[in-house]
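Top to bottom, those sequences are chains F and S. Per the working numbering, the first sequence starts with residue 1, numbered consecutively. Per the working numbering, the second sequence starts with residue 1, numbered consecutively.
The reader is advised that the hints may include incorrect statements.
As the list claims (entries may be wrong) - PhoX-like, lysine-lysine: derived pairs with alpha carbons at most 20 angstroms apart: (1) Lys-30(F) with Lys-79(S); (2) Lys-223(F) with Lys-110(F); (3) Lys-30(F) with Lys-82(S).
Don't read these hints as lab results, they were simulated from the structure.
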Amino acid sequence: MSTAVAQHVDEVKTTPWSGGRSPFNVEYGKMMMWFFLLSDAFTFSTLLISYGALRFSAPTWPAASLVFQSVPFTSINHAPLVFVGMMTFILIMSSVTMVLAVEAGHRNSKKEVITWMLFTILGGLMFLGCQAGEWTHLHSEGFWWGHVPTTEKLKEFFASVNGHLPPGDQQVRTAHQFANLFFTITGFHGFHVFSGVIINIIITINVLIGTYAKRGSYLMVEKVGLYWHFVDLVWVFVFTFFYLV
Amino acid sequence: MSSEDTDIHAEHGEHEGMDKKRIWKIFWILAAITTVEFIIALGIAPHLNGTAHAFINPAYIVLTLCKAYFIVAFFMHLKFEKAGLIMAIIVPILFIIGLILVLTNESHYWIDLRL
């Protein structure tokens, strides 16, 4: 009896949560990337939720379909959602090429990883270009941090309720809130895209010089892939709450 | 499970299920959901009256959460990770709901202050 108990105690446990093995079964860096993204998700949530709170408490708000109806770089003027739809498509597409790069990495196909990474970088740059165009357009209309268009111009951006536009002072106040929130949140997201492009370029250079071929694993591609998909994920929410709602 | 098996898995991760065909399938799902959002925004929402209009924003939010699910589960591969990792990521996210409830409530109070 006593020997049986002693054997039981000495036995090396092999279940995941008993030590000696990784319970999550992922590499350290990948797990840390997940936890970083979790913290980043909180940051974006606080920004978007404070936007929601300010908008809920506002008596009126600039109508998205009136503010965002031009397509920068062209003369198209009354086409709501067309330009931002293109931006959304570009970012989803670059997420697809990223996951294709990860898939190629699992097959240790260096050539394919490079091709898909280059497409991903291109997508990121195109998105940044579009965002620069969007910002320039809004800035030319008179929106900026702490700046709104003239009272005359501002009227164009509000929908009338029962044939009446909201009072002028309400228009100015909520347009200020809209401008500050829009540039802060899309700016913070754009900065993430920018960082993502830089990181993707560094990883692509590493793939090119054969760092991961030597290591025998393209796990780094997977890790930056997580970050890149997260940037796409945030855009899905920014798109809904700024352009649709 | 020998320790060698564990090392192989830790190095390569489990990549079951995400072949090229599946990746493109997820892409088409995401594109389709976005198209539905556009149809609602451009084709349906402008023609609705007050009561029916109240369903538009919840519809957008549900569609957005669907897109978020497909990105996180398949593109970020979370669906195929260990249950422990899934819980470690998803459960803290649920705290955000608390912040939404608190600030929504607060914003109603702000309206009363302004009026």
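Notebook entry, point to check: Of the hints given before, which are not true for this structure?
Noted result: none
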